[in-house]
Amino acid sequence: MLSEQIAFGGIYLPLFLAFLAATGLIYLLVQPLLLRSRAHRLFWHPALAGAALFIILLASLMLVFGP
Amino acid sequence: MANSKRFFAVTLRVIATLTVVAIAVLLGWFAWQHYVYAPWTRDARVQANVVNIAPEVSGTVGRVAVNDDSYVHKGDLLFAIEPVRFENAVAEAKAALEQALAQESFATRNARRLERLPRGGISTQDLQQAESEAASAAASVSQAEARLAQAKQDLDWATVRSPVDGYVTHLLLDEGDYATQGQSMMTLVNADTFRVTAYFEETKLSHIDVGDPVDIDLMASPEPLHGHVASIGRGIAVANNAPGERNLPNVDPVFQWVRLAQRVPVTIAFDSRPDMRVLTVGLSATVHVRPEEAERHQPVSTTDERDMVPAAPKLERARAEGLAEPIDTPVTRGAGG
Chain A
6 MLSEQIAFGG IYLPLFLAFL AATGLIYLLV QPLLLRSRAH RLFWHPALAG AALFIILLAS
66 LMLVFGP
Chain B
4 MANSKRFFAV TLRVIATLTV VAIAVLLGWF AWQHYVYAPW TRDARVQANV VNIAPEVSGT
64 VGRVAVNDDS YVHKGDLLFA IEPVRFENAV AEAKAALEQA LAQESFATRN ARRLERLPRG
124 GISTQDLQQA ESEAASAAAS VSQAEARLAQ AKQDLDWATV RSPVDGYVTH LLLDEGDYAT
184 QGQSMMTLVN ADTFRVTAYF EETKLSHIDV GDPVDIDLMA SPEPLHGHVA SIGRGIAVAN
244 NAPGERNLPN VDPVFQWVRL AQRVPVTIAF DSRPDMRVLT VGLSATVHVR PEEAERHQPV
304 STTDERDMVP AAPKLERARA EGLAEPIDTP VTRGAGG
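Going line by line, the protein sequences match chains A and B.
Note that the working numbering gives residue 59 to position 54 of the first sequence, counting from 1, and the numbers run on in steps of one.
Note that the working numbering gives residue 246 to position 243 of the second sequence, counting from 1, and the numbers run on in steps of one.
Careful: at least some of the hints might be erroneous.
Cβ-Cβ distance ranges computed for the label pairs, FRET-style [unchecked claim]:
#1 Gln36(B) x Ala56(A): 16 to 26 Å
#2 Leu33(A) x Phe33(B): 41 to 51 Å
#3 Gly29(A) x Leu251(B): 46 to 56 Å
#4 Leu22(A) x Glu204(B): 56 to 66 Å
Rather than coming from a laboratory, the hints here were simulated on the basis of the structure.
Backbone N, C-alpha and C fix where the C-beta goes; we use that ideal spot for every residue, glycine too.
The whole structure should be built from the sequences, with the hints applied where relevant.
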């Protein structure tokens with residue numbers, strides 16, 4: 006369980022923002038790997054699958070590390 | 004054949020896409036439910052009863068016996084008003100009492116003497132007057148006694164003592180200041196009444212019950228504290244109730260595309276007396292109510308029963324009666340003597 010807020014120069018932001026940022030980072034790292042392995046060919050709609058992957062990552066972080 | 008292969012491949016790709024989307028929707032829904040409806044909030048503050056100390060008598064402050072932020076016990080001297088005026092008043096009241104006693108003695112003896120005179124030796128009017136003077140003198144004695152008692156009480160009130168165990172806070176009083184009767188001169192934070200008030204969105208209230216265990220994270224301390232729900236607020240102000248023209252309700256026309264959930268104060272009592280080093284009225288806290296742990300939660304009460312909500316039976320009774328546990332609200336009271 007993480008703290009519910011992140012300090013940013015005395016401003017305390019909700020953890021959700023950190024999850025969003027972390028998800029974006031992970032997604033940026035994962036996407037080139039998926040492209041390289043041509044995983045997008047497995048999906049009928051790669052962009053939709055990508056969006057779903059983003060939501061899965063975000064929701065998983067929130068459920069595992071969230072308050 | 005090629006067409007059916009192609010159809011099969013496309014179908015598989017559609018199914019894969021829909022599967023990923025379904026997982027995303029499911030996880031997203033769980034996360035949303037958890038984040039939006041789970042009973043936790045970052046909007047919580049530490050509170051305690053705040054006692055405003057006002058003297059019962061006016062006068063110049065001759066001595067301030069405490070320092071700012073110091074801890075005082077119930078009955079400890081806080082400050083003293085110059086007693087000369089009150090000592091003089093006591094002396095004056097004593098003298099007045101002695102005078103009244105002398106007058107009463109004379110009037111009583113005079114009345115008795117006149118009563119013993121033979122019939123015709125004194126007129127009825129004179130006898131009645133003597134008896135009346137004796138009764139009046141007795142009343143004067145009572146009056147003088149009351150004044151003496153009040154003068155002694157005023158002298159006692161010139162010494163102001165702490166009505167609670169607590170902390171002196173925001174002390175501005177200094178020797179030489181003029182203390183006015185009934186006007187707050189000092190503020191104490193009652194150390195036995197520290198609690199947390201968490202402001203929960205109304206959407207989360209259905210998951211909170213009196214007695215539920217609570218984890219408290221103070222922004223000021225890395226050590227988590229533990230408590231339980233002592234009571235749930237039963238009223239918040241409604242802006243539309245403010246009287247308008249001709250005392251009619253002043254209802255604002257609103258355009259409700261966006262609505263905000265109201266926040267309701269929930270009082271949380273500490274299970275055990277917390278480390279006072281980290282507790283200050285007004286500190287920010289994050290609280291998590293754990294209704295799923297309510298069954299195995301046994302609050303450990305280590306302080307005054309009046310201040311901390313103690314054990315399960317009491318909570319059960321409160322639940323049965325539909326009542327919240329009483330926790331003192333901030334009060335203003337005078338103190339003296």
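Practice item. Take the C-beta atom of Leu22(A) and the C-beta atom of Glu204(B), compute their distance, and say whether it sits inside 56 to 66 Å. Key: Violated: the Cβ-Cβ distance is about 19 Å, outside 56 to 66 Å.
**Study point:** CB-CB spacing for Ala56(A) and Gln36(B) relative to the 16 to 26 Å hint
**Key:** For Ala56(A) against Gln36(B), whose Cβ atoms are near 20 Å apart, the range 16 to 26 Å holds.
Review point. Taking the CB of Leu33(A) and the CB of Phe33(B), does the distance hold inside 41 to 51 Å?
Key: Given range 41 to 51 Å: violated, Cβ gap about 25 Å.
Check your understanding: Quick one: are Gly29(A) and Leu251(B) within 46 to 56 Å, going by C-beta?
Key -> At 53 Å between Cβs, range holds.
In this structure, the hints that do not hold are numbers 2, 4, in rising order.
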